[in-house]
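2 protein chains.
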Amino acid sequence: MFKTEITLSDGRRLIYFDQTPGDDRARLDSRGLEPATNSSQLRFDPLSRRWVAIAGHRQNRTHMPTQEQCPLCPTTPNNPSEVPASNYEVVVFENRFPSFDFNSQDSLVNSGDLGPYGLAPGLGTCEVICFTSQHDSSVSQLSQDRIRLIVDVWTDRTTVLAQDRRIEQIFCFENKGPEIGVTEPHPHGQIYGYPFVPPRVQQMIDSALKFQDTSGRNLFDEIVEYERSSLDRLVSENESWIAFVPFSAKWPYEVHLYPKVRAGNFSRLTDNQRDDLAPIYLDLLKRYDRLFAQPAPYIAGWYQYTQADHVDIFGMHLEVFTIKRDENKLKFQAGSEASMDVFISDIVPEDAARKLRELS
Amino acid sequence: MFKTEITLSDGRRLIYFDQTPGDDRARLDSRGLEPATNSSQLRFDPLSRRWVAIAGHRQNRTHMPTQEQCPLCPTTPNNPSEVPASNYEVVVFENRFPSFDFNSQDSLVNSGDLGPYGLAPGLGTCEVICFTSQHDSSVSQLSQDRIRLIVDVWTDRTTVLAQDRRIEQIFCFENKGPEIGVTEPHPHGQIYGYPFVPPRVQQMIDSALKFQDTSGRNLFDEIVEYERSSLDRLVSENESWIAFVPFSAKWPYEVHLYPKVRAGNFSRLTDNQRDDLAPIYLDLLKRYDRLFAQPAPYIAGWYQYTQADHVDIFGMHLEVFTIKRDENKLKFQAGSEASMDVFISDIVPEDAARKLRELS
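Protein chains in written order, with the numbering used here: chain A, 562 to 921; chain B, 562 to 921.
Bear in mind the hints are in silico, worked out from the structure with no lab data behind them.
You may find that some hints are simply not true.
Repeated chains share a single entry, so a pair holds when one copy, or any two copies, can fit it.
The list that follows gives simulated cross-link-like pairs (lysine-lysine, DSBU-like), each with its CA atoms no further than 35 Å apart [as the list claims (entries may be wrong)]: (1) K890 to K771; (2) K564 to K771; (3) K564 to K916; (4) K847 to K821; (5) K564 to K847; (6) K821 to K771; (7) K847 to K916; (8) K821 to K564; (9) K847 to K890; (10) K916 to K821.
Isolated chain A, as found in the complex (with noise of 0.2 Å):
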């Protein structure tokens, strides 16, 4: 893998990843942007206590834009985008409408009393992971090779951004389609660094050591080891990795992708991990093209762990769903979902996982 790192004209990173060398990766940024201003706060919500981020200057960033002003393609003469090379494999670089960054303490003017809330500047990093400078395309259509250095990618940013102390948490992740929100349609993911470890990490720490400490056992592979064996929730499997649809799945389609062997996070797979991990990930988003008439929005989220307290008892995983119950229906997150967190779910799990499986 051969990586150049640049500056943009704003003062943000940009890295190219290549299997092979590519062409002017020393190309300048010719836009002369100034640096952005961003404003990202956390706030503390002392009943669900959880951080909210408020990050006010996202309001107004790219919505849409048609392929001949596209950001993320490769820079043209008409188009001077993100990206001041011609071509790229895979490229990775700071957003610039981040959620959370690391020059944002300056949008803490002195806040006063707060009473039971708190206030913490949006420190953090967002970065955007372009997957092919290919418009029009899909993760679910790229080669074999390039899903195999996108897995090279994402090992690359969490070994390093794991350096960096104050952040907890490295989340890669890809959502696609509009339905899901996307505003940027050339196929790509972000990787965000949270300042803290998210709600939903900490609770599944916090599941596995409660059973490891009453049954002496690791909750993920439990976990693992009981969809093995009920086969009737398979989805699809290799040497190193299971897919399967979980037996409490929430969304529609929901699958969770599994090592067979424990690892906590990309940097502590093995390589031969790394190599089957590429044809399983690519096969799974080809199912979901195939679901409906058209392919399928979903959500793809990496779950790992890099912390040294608990690196040894997480589970890295994959969990990829859609909002798409049926052909025209949306599952939408309304009453019981966003206001209890209390799921409600159309699809049986055991219906979901033989849809998915007869779509080899």
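Position chain B against the provided structure of chain A, taking the given hints into account.
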């Protein structure tokens, strides 16, 4: 208030609530419906330690019927609806496609070894509340008297359902607008009787208990007192109630409405508080109608607690929000929200409050 209870042809309960005695309240349901077979299950996810309701029978529930076939309109010769009478003020009946149902036990076939998962029947109640017989109306267009009646209905259902020991949480809410996933356009809300305390409410109780332990004070009171004194997030108030955008609002135009004197649930409000709720609730919903060119979609959910253990520390309140962050932009729960439970809001709470205040 006049209350008339009948039984629909498939055995479900329907209750008319009238300010003045209504016509043909005893009229029978002529449809001869077969009892519905519901298959709700609760499945326990060991990683999040949450129950997920799997309700496969809901996949084919009524989806956007035309007005001529509306099941929530009064019965006419051509439309034998869910409501046998030829008119009504407010009517409550058990949902034919419920997420929770006290007849769901049968669905639990011998499930064998569940590994680290859990399984329980999806017991509970799901009531539909029709706010008006006018199909094309909305709550914001109703009279203050009608809202006052609706407050009495919420109080009645809270009081009656709380007597059923199998129900641990009574949740009165309204999902409004197709953007929220509403499948019936007729103005209606829902009243869920959950067989467990939902995570959001449990979290509030845990937070309030912890706050009391460390400060000796009540967390709900602290929040109301702080927001009353801050002024810059105030939306409206009257003698008994105060509406504000909380400092840590996670949704666009999220407003919390609290009684100024804390009460644990609808049954514990004073008559004065109930009287004063009608005008401020109506005023609040009218503001959501004026936020954008079209009335904003919203979720309005009442948090309350009825059980003896913590009812004295709970602060009942409404949380209402829209998912529109701008005229043509929706706020989606994408990767950070859906997968990590970290909300990123593009709207600064103080700006949202100012805009809502100016819409009076």
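Structure-based check of each hint:
1. K890 to K771: Close neither inside one copy (38 Å) nor across copies (42 Å); limit 35 Å.
2. K564 to K771: neither (41 Å within a copy, 49 Å between copies)
3. K564 to K916: Answer is neither: 40 Å inside a copy and 48 Å across each miss the 35 Å cutoff.
4. K847 to K821: Intra 22 Å, inter 55 Å, cutoff 35 Å: intra-copy only.
5. K564 to K847: within (28 Å within a copy, 56 Å between copies)
6. K821 to K771: Cα proximity of K821 and K771: one copy only (22 Å, versus 40 Å across).
7. K847 to K916: Classified as within; 13 Å inside a copy, 45 Å across copies.
8. K821 to K564: Answer is within; shortest intra-copy Cα gap is 30 Å, inter-copy 60 Å.
9. K847 to K890: both (21 Å within a copy, 29 Å between copies)
10. K916 to K821: within (23 Å within a copy, 53 Å between copies)
Checked against the numbered hints above, the structure violates hints 1, 2 and 3; every other hint is satisfied.
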